[in-house]
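Enquirer: Sequence:
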Amino acid sequence: MQSALHTTTKVLPGNKIEIEIPEAEIGDIIDVFVILPEKAPPSPPLYPNP
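Heads up: the sequence shown is residues 4 to 53, going by the numbering used here.
Read the hints as simulated data drawn from the structure, not as lab findings.
Just so you know, even glycine gets a beta-carbon here, dropped at the ideal spot from N, CA and C.
Treat the hints loosely; a few may be bogus.
[As the list claims (entries may be wrong)] So the derived label-pair ranges between C-beta atoms look like this: (1) Pro40 - Gly17: 16 to 24 Å; (2) Ile24 - Tyr50: 47 to 55 Å; (3) Asn18 - Pro47: 29 to 37 Å.
With the sequences and hints as input, model every part of the structure.
Expert: Written out as structure tokens, the structure is:
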């Protein structure tokens with residue numbers, strides 16, 4: 004059975020991420036999926052310019 008790991012991490016300087024996978028061994032080939040958060044659309048101004 005294929006195993007999966009879910010973790011959350013923070014983007015580091017240089018737009019990089021770092022994860023630790025205790026179940027993996029050095030040299031293992033793994034698949035990584037990155038799901039970016041949805042960004043809220045900008046709010047309209049409270050008092051639009053006339």
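Enquirer: Decide, hint by hint, whether the structure agrees.
Expert: Taking the hints in turn, this is what the structure says about them:
Distance hint for Pro40 and Gly17: a CB-CB separation of about 19 Å, consistent with the stated range 16 to 24 Å. Here the CB-CB span from Ile24 to Tyr50 is close to 51 Å, well matched to the stated 47 to 55 Å. For the hinted restraint 29 to 37 Å between Asn18 and Pro47, the CB-CB distance of approximately 30 Å keeps it satisfied.
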